[in-house]
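Student: Each chain, letter by letter, is given below.
Number of protein chains: 2
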Amino acid sequence: MRSSLIRSATTSLTRGNFAKISSSDLSFFERTVGSSYVKTKDIDNYTCDWTKQMKGSSKCVLIPSSTEETSTILKYCAEKRIAVVVQAGNTGLVGGATPLFDEIILSTSRINNNFHLEESSGVLTLDAGIILADADYLLAEKGFMMPLDLGAKGSCQIGGCIAAGAGGIRLLRYGSLHSHLLGCTLVDGKGTIIKLGGSLRKDNTSLHTAHLTIGSEGQLGVITSVTMGVVPRPISILCAMLAVSSYSHCLRLLSLARSKLGEILSSFELIDGETMKCVERHLPIKNIFNEPHDFYLLIETHGSNGDHDGEKLNEFVEEALGAELAEDGVAAHSENERTHMWRLREESPIAAAKDGYIYKFDVSLPLEHFYRLTEETRKKLGTRARVYCYGHLGDGNSHLNVTTDGEDEELKKELSPFVYNWVVSHGGSISAEHGIGQLKRDYRSLGKSEEEISLIRSLKGVFDPHRILCPYKMIPSQE
Amino acid sequence: MRSSLIRSATTSLTRGNFAKISSSDLSFFERTVGSSYVKTKDIDNYTCDWTKQMKGSSKCVLIPSSTEETSTILKYCAEKRIAVVVQAGNTGLVGGATPLFDEIILSTSRINNNFHLEESSGVLTLDAGIILADADYLLAEKGFMMPLDLGAKGSCQIGGCIAAGAGGIRLLRYGSLHSHLLGCTLVDGKGTIIKLGGSLRKDNTSLHTAHLTIGSEGQLGVITSVTMGVVPRPISILCAMLAVSSYSHCLRLLSLARSKLGEILSSFELIDGETMKCVERHLPIKNIFNEPHDFYLLIETHGSNGDHDGEKLNEFVEEALGAELAEDGVAAHSENERTHMWRLREESPIAAAKDGYIYKFDVSLPLEHFYRLTEETRKKLGTRARVYCYGHLGDGNSHLNVTTDGEDEELKKELSPFVYNWVVSHGGSISAEHGIGQLKRDYRSLGKSEEEISLIRSLKGVFDPHRILCPYKMIPSQE
Numbered sequence: 001m002r003s004s005l006i007r008s009a010t011t012s013l014t015r016g017n018f019a020k021i022s023s024s025d026l027s028f029f030e031r032t033v034g035s036s037y038v039k040t041k042d043i044d045n046y047t048c049d050w051t052k053q054m055k056g057s058s059k060c061v062l063i064p065s066s067t068e069e070t071s072t073i074l075k076y077c078a079e080k081r082i083a084v085v086v087q088a089g090n091t092g093l094v095g096g097a098t099p100l101f102d103e104i105i106l107s108t109s110r111i112n113n114n115f116h117l118e119e120s121s122g123v124l125t126l127d128a129g130i131i132l133a134d135a136d137y138l139l140a141e142k143g144f145m146m147p148l149d150l151g152a153k154g155s156c157q158i159g160g161c162i163a164a165g166a167g168g169i170r171l172l173r174y175g176s177l178h179s180h181l182l183g184c185t186l187v188d189g190k191g192t193i194i195k196l197g198g199s200l201r202k203d204n205t206s207l208h209t210a211h212l213t214i215g216s217e218g219q220l221g222v223i224t225s226v227t228m229g230v231v232p233r234p235i236s237i238l239c240a241m242l243a244v245s246s247y248s249h250c251l252r253l254l255s256l257a258r259s260k261l262g263e264i265l266s267s268f269e270l271i272d273g274e275t276m277k278c279v280e281r282h283l284p285i286k287n288i289f290n291e292p293h294d295f296y297l298l299i300e301t302h303g304s305n306g307d308h309d310g311e312k313l314n315e316f317v318e319e320a321l322g323a324e325l326a327e328d329g330v331a332a333h334s335e336n337e338r339t340h341m342w343r344l345r346e347e348s349p350i351a352a353a354k355d356g357y358i359y360k361f362d363v364s365l366p367l368e369h370f371y372r373l374t375e376e377t378r379k380k381l382g383t384r385a386r387v388y389c390y391g392h393l394g395d396g397n398s399h400l401n402v403t404t405d406g407e408d409e410e411l412k413k414e415l416s417p418f419v420y421n422w423v424v425s426h427g428g429s430i431s432a433e434h435g436i437g438q439l440k441r442d443y444r445s446l447g448k449s450e451e452e453i454s455l456i457r458s459l460k461g462v463f464d465p466h467r468i469l470c471p472y473k474m475i476p477s478q479e
Numbered sequence: 001m002r003s004s005l006i007r008s009a010t011t012s013l014t015r016g017n018f019a020k021i022s023s024s025d026l027s028f029f030e031r032t033v034g035s036s037y038v039k040t041k042d043i044d045n046y047t048c049d050w051t052k053q054m055k056g057s058s059k060c061v062l063i064p065s066s067t068e069e070t071s072t073i074l075k076y077c078a079e080k081r082i083a084v085v086v087q088a089g090n091t092g093l094v095g096g097a098t099p100l101f102d103e104i105i106l107s108t109s110r111i112n113n114n115f116h117l118e119e120s121s122g123v124l125t126l127d128a129g130i131i132l133a134d135a136d137y138l139l140a141e142k143g144f145m146m147p148l149d150l151g152a153k154g155s156c157q158i159g160g161c162i163a164a165g166a167g168g169i170r171l172l173r174y175g176s177l178h179s180h181l182l183g184c185t186l187v188d189g190k191g192t193i194i195k196l197g198g199s200l201r202k203d204n205t206s207l208h209t210a211h212l213t214i215g216s217e218g219q220l221g222v223i224t225s226v227t228m229g230v231v232p233r234p235i236s237i238l239c240a241m242l243a244v245s246s247y248s249h250c251l252r253l254l255s256l257a258r259s260k261l262g263e264i265l266s267s268f269e270l271i272d273g274e275t276m277k278c279v280e281r282h283l284p285i286k287n288i289f290n291e292p293h294d295f296y297l298l299i300e301t302h303g304s305n306g307d308h309d310g311e312k313l314n315e316f317v318e319e320a321l322g323a324e325l326a327e328d329g330v331a332a333h334s335e336n337e338r339t340h341m342w343r344l345r346e347e348s349p350i351a352a353a354k355d356g357y358i359y360k361f362d363v364s365l366p367l368e369h370f371y372r373l374t375e376e377t378r379k380k381l382g383t384r385a386r387v388y389c390y391g392h393l394g395d396g397n398s399h400l401n402v403t404t405d406g407e408d409e410e411l412k413k414e415l416s417p418f419v420y421n422w423v424v425s426h427g428g429s430i431s432a433e434h435g436i437g438q439l440k441r442d443y444r445s446l447g448k449s450e451e452e453i454s455l456i457r458s459l460k461g462v463f464d465p466h467r468i469l470c471p472y473k474m475i476p477s478q479e
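Protein chains in written order, with UniProt numbering: chain A, 1 to 479; chain B, 1 to 479.
By construction, these hints were calculated from the structure, which means they are not laboratory data.
Take these hints with a grain of salt, some might be off.
If you want the footprint, here are the derived chain A segments under chain B, 3+ residues with CB under 8 Å [to be verified]: (1) 131 to 138; (2) 215 to 222; (3) 248 to 259; (4) 347 to 361; (5) 390 to 398; (6) 425 to 432.
No more than 20 Å apart at the CA atoms, straight line, and that leaves these computed lysine to aspartate or glutamate pairs for DMTMM-like [to be verified]: (7) B:Lys20 <-> B:Asp102; (8) A:Lys202 <-> B:Glu368; (9) B:Lys202 <-> A:Glu409; (10) B:Lys75 <-> A:Glu451; (11) A:Lys195 <-> B:Glu452.
Predicted model, so just to flag it, every value in this text is computed and none were measured.
Glycine included, every Cβ here is placed at the ideal spot set by N, Cα and C.
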């Protein structure tokens, strides 16, 4: 049986039956990680998410430097029933790493010493607190690349990426984290250190438990080390942009790109006409096309041979124009032009944020419904709001943004239930890559069967029997 | 703490405390699936594995036609504490689908009606009993391909592939099943039907539980439906073979292939000189090189543009010869030549089986140790046995084969402990793609920590609390 569609987003939360922090607890933590790494003051950077929309409170932030210190802390917290929220780079978009009541914050930022690349196999083992861009920088020297790339790469940590199930802009080419993760070290909610998986590309000697940590949002434990396959750094990166008159043409162009660009297609991003106008209105960036169009597609290729890739991309653009699927099209001829194209896409969220009070969504939809959500939302809201759509069309992942001139309580109450019910009733997901956290907590059971909810609750019980880790978020407790 | 290396492979098994099948049980099963699908006679094809090395007994084979019938059976068996072994195409190599004592056999062969491809996204939902080659044939019409390919494709079922964590010959290019699986329907050991995951390429609204079924060997439940991403069918498939004088050159050629062939490299297979001689000795196939060599590499590319792929492959072969990394090299110029090359590799196991009494291994190793295992085994066994090595070098997966003129009890006792201890102490896996089943049961804890074993035992308890599914195999019970 599936849960019926929800009508309202309001649930009042009450604090769980967790222990309050005492001074003897703080002394224990100080003995464990050193007093400089038990922070009790000036911790706003930790208690507030980076969008500044969610703010919790906490008695202390603990910053262990190792798996073992993490284990000591969690053993203690399990015994004392102290609630803990795990925080990596604090770049999440759903408040998953932000405390709600008085959970202590366990930051993985100092677990960042070990980095070992096995060059012959392309297998990387690294501490979970290492920042994504730093890992990628170290790999570049050896001709390798992190398979995932996202806006937050300069701050997000690899352990956080795993826990968030991060997607990003080249999932189309390299696949999700499930394609790359081989193993990890997890400190579970009892403080037990468990090595899940290993460092081999093939190993069928046990359940593939490491994959349970992807998208687990700290519910099962603290990831302290990650082993994953990395990919050869592409020798050629090319980029083109097309202007398109209808969504159905966008879909036909996606098919054409799949067949013409094949194995080198790495990004297929959509920006709708309203979003492009919004970008031009609020930011000092010009559309690369002189005329306005209804849709823009940004296509990138990653390959090992620049001549071959260039031929493929030119053929694709020519065929797109020749078949009148695209109204206009341009390939980037310099790094500057490529940067310009990507800025239009990557600064779309920034432009939308400048456009007024903002309501952000991150949904997955079957492709036939991908853009209908935008159209239906526009129809529903009429002149009450502006609706923007951009996203990873190649992955069916739409970032819908709605803005109003000021905060509109009425609209706030209506909008999320409308969008989420529409998405679920059209076979979509209410969170493609951002997760549930606290922002989508009230919708976490939407479209899920009782059996699945019961299963994930039991699985959490195996890893975290006292349910001290990241309460009030993705996995329902017995409440 | 890791389990210490084992010394002997002998464990005497006793039957678990399961119910014996009564005539009223059989009547219930007949009412559930129809009397034609409760087989009690002439069931040797089910009680014996296809290698004919493992033979169990069973009172009956049940062949349900749907998820619902499977659920009814498992609910009943859970209540009555009847042990069940799940069987798909019965092509496994470790006896995982073969009963030991008197477990009933639940075959998924009739759960094979539904096949739905969503063309715009390349997402396929199909019943678990559909045969891999049939699925691939249906996809071919639409320009898509199953990402995995293996020798048993004409008989193995897709649900069995997931449960086995099947690898195969193009994992290097398309990745493991974790890269493709999006969701599945599982009937757990309580008979509960659970939809795990979904049909979207991105969905972060729950734990990614579907991935737990990969390589689960029937321990968690019966997979009845699978949803996965499929890949565009390559337009160009090219093949080349190199003759090489040393293993270190093989490794340098793997690096060269990664950089020259990049995104189109789909197979990088090794056959050692002894294996090639064995093939020529026992089978009517000729080596494609006139002179014998110490190593042969078979390289295949899958791409979207034949001209580009051909240029890349030629450049690679020329550089391999020019740098004297290869002693000889030839690209296939016809489908016949390509078939010839692949027969040399695919019939290596057949030749080894004809060479005498055979001991087969399927191990993963870090690449620097990949071939050392063969050398060390040869050194240890001297003239007592012949040692052959072939396998998926690109994945670090070696199929080591040892043959003797007749069955040698002494060697039988020594060999597996020697190989498995060597593999584990060199950072490898004792089962790269075949699994544990009953064949490797006595080695299942080798190199695993107590914490991991305890975890997988608890996870099994969540799905199958009465531990009726596939007993005596991968996951230790409390015994």
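Student: A separate judgement is required for each hint: does it hold in the structure or not?
Tutor: Hint by hint, here is what the structure shows:
Note: the stretch 131 to 138 of chain A has 0 residues with beta-carbon separation from chain B under 8 Å; the three-residue rule is not met and the coverage is violated. Restraint check on the stretch 215 to 222 of chain A versus chain B: 4 residues with Cβ-Cβ distances below 8 Å, three needed, restraint holds. Against chain B, the stretch 248 to 259 of chain A contributes 5 residues with a C-beta closer than 8 Å to a partner C-beta. That satisfies the three-residue criterion, and the hint holds. Interface restraint, the stretch 347 to 361 of chain A with chain B: violated (0 residues with C-beta to C-beta distance below 8 Å; minimum three).
Requiring three or more residues with a Cβ within less than 8 Å of a Cβ of chain B, the coverage given for the stretch 390 to 398 of chain A holds, as 4 such residues are present. Counting residues of the stretch 425 to 432 of chain A whose beta carbon lies closer than 8 Å to any beta carbon of chain B gives 6, which meets the minimum of three for the stated coverage. Between the alpha carbons of B:Lys20 and B:Asp102 the distance comes to roughly 8 Å, so the proposed pair stays at or under 20 Å and holds. Restraint check: the Cα-Cα separation between A:Lys202 and B:Glu368 comes to about 16 Å, which is no more than 20 Å; the hinted pair holds.
A C-alpha spacing of about 31 Å is found between B:Lys202 and A:Glu409, which places the hinted pair above 20 Å, so the restraint is violated. Between B:Lys75 and A:Glu451 the CA atoms are separated by roughly 15 Å; this keeps the pair inside 20 Å, and the hint holds. About 7 Å separates the Cα atoms of A:Lys195 and B:Glu452, which keeps this hinted pair within 20 Å; it holds.
Of the hints listed earlier, those the structure fails to meet are numbers 1, 4 and 9, in rising order.
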